[in-house]
Amino acid sequence: MRSSFNSIRRFTYLLAGAAFAVTSLQATGDTAVIKGSKAASMESCVAETNDIRRNHMDYLKHQRVETVRDGIRGAKFSLIDCVECHASKDNDGNALPVTDEGQFCEACHAYVAVSPACFQCHRTTPMQGNGSLGAVDLEQMKFQSLNASSLKEWHPVIHAGSESAR
Amino acid sequence: MSKMYYRELYCGTPVRYWAGMALLGTIVAIALGAAFYMEHNGHWVTGMTNQVVWGLPHVFAIFLIVAASGALNVASIGSVFGGPMYKPLGRFSSLLAIGLLAGGLVVLLLDLGRPDRLIIAMTHYNFKSIFAWNIILYSGFFAIVGLYLWAMMDRKANRYYRPIGFAAFFWRLALTTGTGSIFGFLVAREAYDAAIMAPMFIIMSFSYGLAFFIITLIAAYMWGDRELGDLRLARLKNLLGVFVGAVLYFALVFNLTNLYVTQHHGVESFILLNGGVYTAMFWIGQVLIGGVIPLFLIYSPAFDKARWAIAAASMMVLIGGFFQIYVIVIGGQAFPMSVFPGKEVLESSFYDGTVGAYAPSLPEMLLGIGGIAIAMTMVAVGARMFKVFPESLEDPGESA
Amino acid sequence: MSVKNDQPDMNRRKFVGTTVAAAGAVVVAPGVLLHTVAGADPESRGASAKHRWGMLIDANKCAEGCSACVDACNSEHGLTGHDRPATDAQWIRAVKLKDNSTGHINRLVMMCQHCEHPPCVDVCPTGASFKRTDGIVLVDRHICIGCRYCMMACPYKARSFVHEDLENQSVNAPRGKGCVEGCTMCVHRIDRGETVTACQEACHDTGHGAIVFGDLKDPDSEISQALKSQNSRQIRADLKLNTGVRYSNL
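Chains as they are written, first to last, in our numbering: chain A, 18 to 183; chain B, 75 to 474; chain C, 18 to 267.
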C-alpha cells in the first residue's frame with residue numbers, strides 16, 4: 018500500500034516536473050533548475066538560458082573534442098561545470114547525481130526521451146561540493162579539497178557567474 | 075549437358091523446413107541472450123582479461139569470416155576459371171559466403187566493448203589501421219557478392235557475370251589478406267608479426283570455405299530430398315584434399331621460419347612442445363584432426379565414393395581449422411610478451427612474463443555458436459526465397 | 018613581341034601565374050593570420066608541439082615494497098579495483114626483474130611509454146587512440162568502440178579494458194565500461210599548467226625521487242639535463258618507437 022502510494026507520488030512529481038519543463042520551455046523567465054542546486058542561486062547559465070536549452074549538446078560536443086584532442090580546458094562550456102551547478106543535495110547534504118530520477122539532467126531528458134551518453138563515463142556529482150579538480154581518496158571515497166585560488170584560476174566562468182549573481 | 079533448373083528450397087513437408095528454422099532460431103536467440111548478458115555485466119563475466127583480450131568470440135568470428143571468403147571459391151572456379159562442373163554451384167556458393175560473413179561479423183560486433191557505437195565504426199576511419207580497412211572490405215564484400223548473385227540469377231544481368239565474377243574473386247583475396255594482416259601487422263607479439271600470415275589465411279580460407287560448402291551442400295540436398303551426384307562431390311573432395319595439404323604446408327613453413335630465428339624459439343617451443351593445451355590443440359587439433367585424418371579419408375581408395383567419408387573429412391577440416399585459429403588467436407596472446415628481453419620477471423601485478431590464463435566461458439561459447447546459426451539461418455532463408463539450388467545435381471549423362 | 022610567334026606568350030603565362038598566386042594568397046592569408054592570432058594566447062591553446070612530455074625513471078631508486086606512485090595514480094584517477102587482478106585496470110605497475118645472464122635484480126615502474134610512433138594509434142580503427150601534439154598518447158573514449166586491437170598492438174601491456182560498470186569516477190579521468198584506457202601522463206594537470214604528475218609527486222614525497230617528469234624539448238628542463246648527463250635506455254628500443262618514458266640504471 019505504502020509502496021504504491023510512493024510510486025503514485027513519484028509519478029505525480031514526474032508529471033509536475035514534466036509540466037514544469039514544458040512551461041519553462043515556453044516562458045523564458047521560468048526556470049527548470051533544481052531547487053537547492055547552485056544554479057538556482059544564479060541569474061543565468063553560462064549563456065542565455067534559451068540558447069543553452071537548445072544548443073547545450075552541440076556546445077558540449079564541440080568542447081569535448083577541443084578538450085580531449087587539443088587539451089583546451091577551462092573553456093566556457095564544460096560538462097564538469099554543468100554537474101557542478103545543477104546537482105542538488107539531499108537532506109543530509111550529500112550531492113545527488115544529476116542522472117537520478119527527477120534531477121536536472123534526468124528530468125528533462127526523460128521528458129524528451131533522449132538518453133544522454135555522457136554519464137556512462139562522466140561523474141554525476143560534483144567533487145567535494147564545488148571543488149572539481151580533486152583526487153579521489155580511495156580509502157573512504159571522499160574527495161580532497163583543493164585550494165580556492167586554483168579553482169578560481171581554472172574555472173573563471175563559475176566564479177564570474179556566481180559573482181555576477183551576487 | 076542437360077539444362078539446369080534452379081528452384082527454391084522446399085523440404086518435402088513444411089514441418090521439416092520450419093522445424094529446422096525453429097532450431098536455428100532458438101540457437102540464435104540463446105546467443106543474443108548470452109551477448110546481452112556479457113554486455114550488461116561487462117567483460118569480467120567472460121574468460122577475457124587484460125592479458126588475453128581477444129577470446130572465443132574472436133576465434134569464432136575470424137573462423138567464420140575466413141570461411142566466408144573461401145566459400146565463394148566454388149563460384150569463382152565456375153566463372154573466373156571456367157569450370158563447367160562448378161558453375162551450377164555458384165549461386166549457393168555466393169549465398170553461403172554472404173551468410174558466413176554476416177554470422178562472423180555479428181559475433182565480432184557483439185563482443186565489442188561498445189557495440190552500441192557501430193555507427194562510429196562506420197563513420198570514423200583511421201586509414202592506417204588494417205581494422206578500418208577490413209570494415210570497408212567486409213561491407214564491400216556484401217555488395218559485390220550480392221551483385222554477383224544477381225548477375226548469376228537474372229538473365230538480363232548475365233553479361234556482367236564475368237566481370238563481377240573477377241571483381242568478387244579479387245575482392246575476396248583482398249578481404250582475407252586484410253584478415254590475416256590483423257595479425258601480420260602486430261609487431262609487439264612474437265607469435266604474430268609475419269607477412270606469411272596473409273597468404274596463410276588465404277589458403278586457410280580455401281580449405282575451411284570448401285569444407286563448409288561441402289557439408290552444407292550435402293545437408294541441403296538431404297533436407298530438400300534432391301539428387302546429388304557422386305561425380306561432382308568427388309571433384310569437390312579432391313579439391314579439398316589439395317587445400318588441406320596446402321594448409322599443412324603453410325603451417326610447416328611458418329613454424330620452420332620461426333624455428334630458424336633464435337628470437338622466436340620461445341614462442342615456438344610454447345606452441346610445439348610445452349604450451350599445454352595449446353600444444354595439444356596444435357598437434358591433435360590442427361595437424362591430426364584438421365590435416366592428417368581428412369587427407370586419409372579423402373585419398374584412401376577404401377573410401378572412394380563414400381559420402382560419409384567426405385562429410386566426415388569436411389567436418390574434421392572445420393574442427394581442425396577452429397583449433398588452428400584458436401592456437402593463433404589465443405595461444406599467441408597467452409604466450410608472454412617479451413617486454414624486457416634478456417630479463418626474467420620476478421614480480422609483477424600485471425602478469426608480466428607469465429603465460430596468460432584463459433578459460434572460455436559459456437556465454438562466449440553460446441555467442442560463437444550463435445554466429446554459425448545466424449549464417450545457416452541466412453542460407454536457409456535465402457535458399458527458400460531465391461532460386462539458388464539446382465533442382466537436381468545428378469551426374470551428367472545419367473539422365474536426359 | 019610578334020603576334021605570329023610560335024613561342025609561348027611568356028607575358029601571358031606570367032600574368033596567369035601572378036594572378037593565381039595572388040588569388041591563392043588572398044584565400045590562404047586570412048586563415049594563416051587568424052590561426053596566428055588564435056595561437057597568440059598560450060593559456061587557452063592547450064597542447065602545443067613546442068613541448069614533448071616525458072619521464073625518466075631511475076631503476077636504482079625505485080624502492081622495494083614501495084607502491085606510492087601506484088597508489089597516487091589510482092587516487093588521482095579514481096581507479097578502484099574489484100579484487101579481480103586479471104581484469105582490474107592498472108595504469109602504472111611495479112615490476113621486479115632479474116637479468117638472465119648476470120643475475121642482477123632491478124625494480125622499475127611500467128606505464129604507457131607515450132611513443133612517438135605509437136602502435137596503438139596505428140591500429141585503432143576509429144582514431145580513438147591518438148597522440149596529442151605534445152606527445153601524450155591518449156584514448157578518446159567518446160569514439161572508442163572497445164575492440165581492444167590497441168591492447169593487442171601495444172608492446173608494453175600499457176592499456177587496460179574497463180570490464181564492468183563504474184560509478185563515482187574522478188573528474189580527472191572520466192572512464193566507463195567497454196572502453197580502453199591507460200596512463201594519461203596526468204594530462205589534466207599539464208593542461209592546467211602544472212609540470213608534476215601524481216606518480217612523480219608521490220615518489221618525491223616518499224624521498225625516493227625515482228621519477229623525473231618534464232619537457233624533453235626544453236633543453237634546460239630537469240629531465241633534459243638528466244638525460245644528457247647520464248646513460249638511459251628505452252624499453253624495447255629495437256622497435257624504434259622513440260618512447261617518451263626512459264629508464265636509467267636498468
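The hints are simulated quantities; they were obtained by calculation from the structure and are not laboratory data. Since the structure is predicted, the reported quantities are computational estimates derived from the model, not experimental observations. Do not rely on the hints blindly, as some may be mistaken.
Said to hold, decoys possible - Here are the in silico distance ranges between beta carbons for each label pair:
| # | chain 1 | residue 1 | chain 2 | residue 2 | range |
| --- | --- | --- | --- | --- | --- |
| 1 | B | VAL89 | A | GLY119 | 47 to 57 Å |
| 2 | B | ASN329 | C | THR119 | 27 to 37 Å |
| 3 | C | GLY98 | B | VAL89 | 29 to 39 Å |
| 4 | A | GLU60 | B | GLY99 | 52 to 62 Å |
| 5 | B | ASP190 | C | GLY98 | 47 to 57 Å |
| 6 | B | LEU192 | A | PRO133 | 30 to 40 Å |
To be verified - With a straight-line cut-off of 27 Å between C-alpha atoms, the simulated BS3-like cross-links for lysine-lysine are:
| # | chain 1 | residue 1 | chain 2 | residue 2 |
| --- | --- | --- | --- | --- |
| 7 | C | LYS67 | C | LYS234 |
| 8 | C | LYS257 | B | LYS202 |
| 9 | C | LYS245 | B | LYS202 |
| 10 | C | LYS78 | C | LYS245 |
| 11 | A | LYS78 | C | LYS148 |
We put the CB at the ideal spot given by N, CA and C, even for glycine.
Right, here's what the structure says about each hint:
Taken as a hint, the range 47 to 57 Å holds for the pair VAL89(B) and GLY119(A), whose Cβ atoms sit roughly 54 Å apart. For the pair ASN329(B) and THR119(C), the supplied restraint of 27 to 37 Å holds, since their beta-carbon distance comes to about 32 Å. Checked against the hint of 29 to 39 Å, the C-beta distance between GLY98(C) and VAL89(B) comes to roughly 55 Å, which is inconsistent with it. Taken as a hint, the range 52 to 62 Å holds for the pair GLU60(A) and GLY99(B), whose Cβ atoms sit roughly 60 Å apart.
For the pair ASP190(B) and GLY98(C), the supplied restraint of 47 to 57 Å is violated, since their beta-carbon distance comes to about 26 Å. The hinted window of 30 to 40 Å between LEU192(B) and PRO133(A) is violated, with their beta carbons roughly 19 Å apart. This hinted pair checks out: LYS67(C) and LYS234(C) have alpha carbons roughly 7 Å apart, not beyond 27 Å. This hinted pair checks out: LYS257(C) and LYS202(B) have alpha carbons roughly 18 Å apart, not beyond 27 Å.
The hinted pair formed by LYS245(C) and LYS202(B) fails the criterion: a straight-line CA distance of about 34 Å is larger than 27 Å. For the proposed pair LYS78(C) and LYS245(C), the alpha carbon gap of about 19 Å is at most 27 Å, so the pair holds. About 20 Å separates the Cα atoms of LYS78(A) and LYS148(C), which keeps this hinted pair within 27 Å; it holds.
The structure shown violates the earlier hints numbered 3, 5, 6 and 9.
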